[in-house]
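Q: Quick note, the sequences are listed as chains V, Y and U, same order. Position one of the first sequence corresponds to residue 1 (the numbering used here), numbered consecutively onward. Position one of the second sequence corresponds to residue 1 (the numbering used here), numbered consecutively onward. Position one of the third sequence corresponds to residue 1 (the numbering used here), numbered consecutively onward.
If you are wondering where the hints come from, they were derived from the structure by calculation, not from laboratory data. Small disclaimer: the values here were computed from a predicted structure and weren't measured. Note that the Cβ used here is the ideal one computed from N, Cα and C, for glycine as well. Accuracy of the hints is not assured; some may be wrong.
Covered by chain U, per the in silico footprint, the following chain V stretches (three or more residues, Cβ under 8 angstroms) [to be verified]:
no., region
1, 150-164
2, 171-185
Pairs of lysine to aspartate or glutamate, DMTMM-like flavour, derived with a Cα cap of 20 angstroms [to be verified]:
no., chain 1, residue 1, chain 2, residue 2
3, V, Lys183, Y, Asp68
4, V, Lys153, U, Glu92
5, U, Lys244, U, Glu228
6, U, Lys262, U, Asp236
7, U, Lys244, U, Glu191
8, V, Lys183, V, Asp217
9, V, Lys153, U, Glu168
10, U, Lys244, U, Asp183
11, V, Lys121, V, Glu57
12, V, Lys121, V, Asp56
13, U, Lys76, U, Glu36
14, U, Lys262, U, Asp225
15, U, Lys76, U, Asp22
16, V, Lys183, V, Glu243
17, V, Lys153, U, Asp225
18, V, Lys153, U, Glu81
19, V, Lys153, U, Asp34
20, U, Lys76, U, Glu92
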Amino acid sequence: MTRRRAVLLVRIAVLAGLVASLEICCRTGIIDPLTIIPPSDMVASMIDRVGSGELDESIVNTFSTIVLAFVLAVGCGTLAGALVHRSSRLRDVADPLLASYYSVPTFIFYPLLVALLGLGKAPLVVLGVLSAAPAVMISTLSGLDSVSPVLLKLARVHRLSPVRTLWWIVLPAALPRLFSGFKLALSYALIGVIAGEFILSGTGLGYAISFAYQSFDNRAMYGLMLFVLLVAVIANGILYVWEGRLARRRSAG
Amino acid sequence: MSDVALENAQSRHGSRGRVRAFDAAVVALLILALWQAIGSWTKGVAVSPPLQTLVYLFDLLRTWMFWDHAAATLAAFLVAFSLSALIGLALGLIFGVQRFTGEVAEPILAGFYTIPKVTLYPVVLLVFGLGMSAKIAFGVMHGLVPMTLFTLGAVRSLPPVLIRTAKVLRLSPGRTMLWVLVPACLPDIVNGLRISFSLSLLGVLIGEMFSSQRGLGFLLVNGMAQHNVPLSTAVVTVIVVVSIAANSLMLRLGGRIAHRSN
Amino acid sequence: MSAAAVSEQSHVALNGVVRHYDGPPAVHALGPIDLEIGRGEFFSVVGPSGCGKSTLLDVLCGLARPTSGSVRFEGKELHGEVPDGIGVVFQEDSSMPWLSVRQNVAFGLRTSSLPEREVAERVDHAVSFMGLAQFAGHYPAQLSGGMRQRVCIARTLVLRPRLILLDEPFGALDQQTRLLMGDELLRLWRETGATVLLITHALDEAAMLSDRVGVMSARPGRFIDMVETGWPRDRDSRIVSDPKFGTLTARLWSSLREESLKTMGRAA
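Kindly generate the complete structure, drawing on both the sequences and the hints.
A: Structure below.
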């Protein structure tokens, strides 16, 4: 058995083991059912809710907000990163700001955003962008830094136009780091939007979870929670695997 | 380097430093101006303007109430951060040294890092109830995993020759860890501490927003509920300033340590 | 008569070329250089480290502008732009890690208007010429350093350059691989009929491969000696056993030794 296989199997076993012990503890009453419900019930609740279509509106709301925030964050972040990269003076200003940015909890600005933009999609999108764009900017800067100078010389020797140099050389060379920024952006946008919905919103999956919690509807709450977590894990997982594929070509074997 | 060249390099540094300081001042002014603009445009409904906030803050800092809340946050934070840092360090070292366990655990930890932890808050509240322990749980929930991942990464990227050297010198596992592993990984560990610091603080603040009657997070939410805009703005300002100051300090510290080991 | 073709008009001509860097600190990196290379000649440049060899290459292909003096390629003066017909192989690995060997080699022809069939033909020829046929689908990360340099050379070949510049292309390779790569380079030179300028720090390599060797002084680099080797056109690495090889290498070293000591003294 190859090592990779073995690692994968052990990992699945560990996770399955955790879920199984949680199930047992809940069923036997070691864990109070008013606190945590058994995983099998969580799954059943999730399938019920999602299948019944009552969540459709929330799902569409939340996902569209996340996608919008993600696209905007990637667009703005890449552009800002590219612009800052060209000017060393801008870079000197931006570097310390970017280094401190994520030390401040962005959600504390969320009520301010609501006061400015009203309740609805806008403050959520802005929150998502504020959470995700700097990560894209940081990874864009890092990616552009990583383009080896000899490749730029090569572009000149082949007399490539600036656009072609960007498209054929700079972008592919910077791609690994750019991609890791996109991964972070998705994760931060998702977290930001759902956190925002949870704290202060009238629609969306985050709000649904909060509502269920406050209505003491544990079953609904856990079902929703499981759904959101699964979506997050799968979305991030897809990007993770994709990134691994890209990286494997560029590494020895 | 010749004397002329050295002088040139130093004067280059000096003028670059002056430009940097000037630009930093410009940026600070821009931020204040933006703040002022938003404050006056929304007529103080969303955020109160800088000057008003500053005045309010001065008064606030002289009240007993503020420091009571701040102390509550600090207490919870210190416990949460210490737990995150120590457990994270230990786990990271173990996972880093025991390659197989590390490979099994890493995607699980990375996955945990990317999920919206806000969805787990109700669970934490149900398990820990309201109050101090819930706040600490929130803090650890946010701060533990990054510390583990950073330490894990640091140990992994250790040049194998250092471990071989330790083996040749017949050092015990404890000594290898203390004398070789930790010093070599120190820059990355400090980096992990820095991130864990911010995230533990974030967790504690969130916990206070949901589940407490004390602490800066509670103060913030309370200010919003009572439409006491200067209060909430002042609290946000305090949080931002403290976060950035701590972060910059740890960046400097990390930089100095990295220099030493290079 | 030397083996180098004597043409009425030289292929590459440098006149009073000087290159300064503004700094600070200001550096007089190169020159004044006067050099003429004939069409189809194999010319090598040797010199101590830091003498400006790479700057010379940058100036020759148009990547850098001379501070004063002129550079002429095929009679036309260069103005800070790389003209058509020059191929460059750099010292550092310039293979693109995201493209396969085949795609790397084909890269040079992406901007050409050649029909697909001809592109494929040229690429196939270059790939097999450089002995990379079985690795055509591999990626650079899976190849050794020497093979990656071969990819870079193949990529230069498809453009059928009339002048090929190589900046210490075999620097990172072990001695045996270097000797074999030297043979490859000679084979390439003969087949393409191109003018070759090779920058190298290895005296034996210069002595063995070239029609003429220019010895550069320490910085600012100037030519302090020009040595004609007189080798026949169909030479290969076995000429190391020719007694003239020893004499040549000795002469190069005697010119170079003092300059190298100067450089070391400066760095100490």
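Q: Evaluate each hint against the coordinates.
A: Evaluated hints:
Proximity of the region 150-164 of chain V to chain U, defined as three or more residues with a beta carbon under 8 angstroms from a beta carbon of that chain, is established by the 10 residues found. Evaluation of the coverage hint for the region 171-185 of chain V: fulfilled, as 3 residues show C-beta separations to chain U shorter than 8 angstroms, against a requirement of three. Under the criterion of a C-alpha separation no larger than 20 angstroms, the hint pairing V:Lys183 with Y:Asp68 is inconsistent with the structure, at around 41 angstroms. This hinted pair checks out: V:Lys153 and U:Glu92 have alpha carbons roughly 11 angstroms apart, not beyond 20 angstroms.
Distance hint between U:Lys244 and U:Glu228 is fulfilled; the C-alpha atoms sit about 12 angstroms from each other, no more than 20 angstroms. Note on U:Lys262 and U:Asp236: the hinted pairing is violated, with a Cα-Cα distance of about 33 angstroms set against a maximum of 20 angstroms. Distance check on the hinted pair: U:Lys244 and U:Glu191 sit about 26 angstroms apart at the alpha-carbon level, beyond 20 angstroms; violated. Straight-line distance between C-alpha atoms of V:Lys183 and V:Asp217 comes to about 34 angstroms, which puts the hinted pair past the 20 angstroms bound.
With a C-alpha separation of about 16 angstroms, the suggested pairing of V:Lys153 with U:Glu168 holds against the 20 angstroms cut-off. For the hint pairing U:Lys244 with U:Asp183, the CA-to-CA distance comes to about 18 angstroms; that is within 20 angstroms, so the pair holds. Taking the CA atoms of V:Lys121 and V:Glu57, the gap is about 13 angstroms. The hint holds against a cut of 20 angstroms. The hinted pair formed by V:Lys121 and V:Asp56 meets the criterion: a straight-line CA distance of about 17 angstroms does not exceed 20 angstroms.
Only pairs whose Cα atoms come within 20 angstroms are accepted, and U:Lys76 paired with U:Glu36 is accepted, the gap being roughly 14 angstroms. Distance restraint check for U:Lys262 and U:Asp225: the Cα-Cα separation of roughly 17 angstroms lies within the 20 angstroms cut-off, and the hinted pair is therefore satisfied. Restraint check: the Cα-Cα separation between U:Lys76 and U:Asp22 comes to about 27 angstroms, which exceeds 20 angstroms; the hinted pair is violated. A distance of roughly 9 angstroms separates the Cα atoms of V:Lys183 and V:Glu243; the hinted pair therefore holds under the 20 angstroms criterion.
For the proposed pair V:Lys153 and U:Asp225, the alpha carbon gap of about 30 angstroms is over 20 angstroms, so the pair is violated. At most 20 angstroms may separate the alpha-carbon atoms for a hinted pair to count; V:Lys153 and U:Glu81 meet this at roughly 12 angstroms. The hinted pair formed by V:Lys153 and U:Asp34 fails the criterion: a straight-line CA distance of about 25 angstroms is larger than 20 angstroms. Annotation: proposed proximity of U:Lys76 to U:Glu92 is violated, straight-line Cα distance about 29 angstroms (limit 20 angstroms).
Of the numbered hints given earlier, the model fails hints 3, 6, 7, 8, 15, 17, 19, 20; all others are met.
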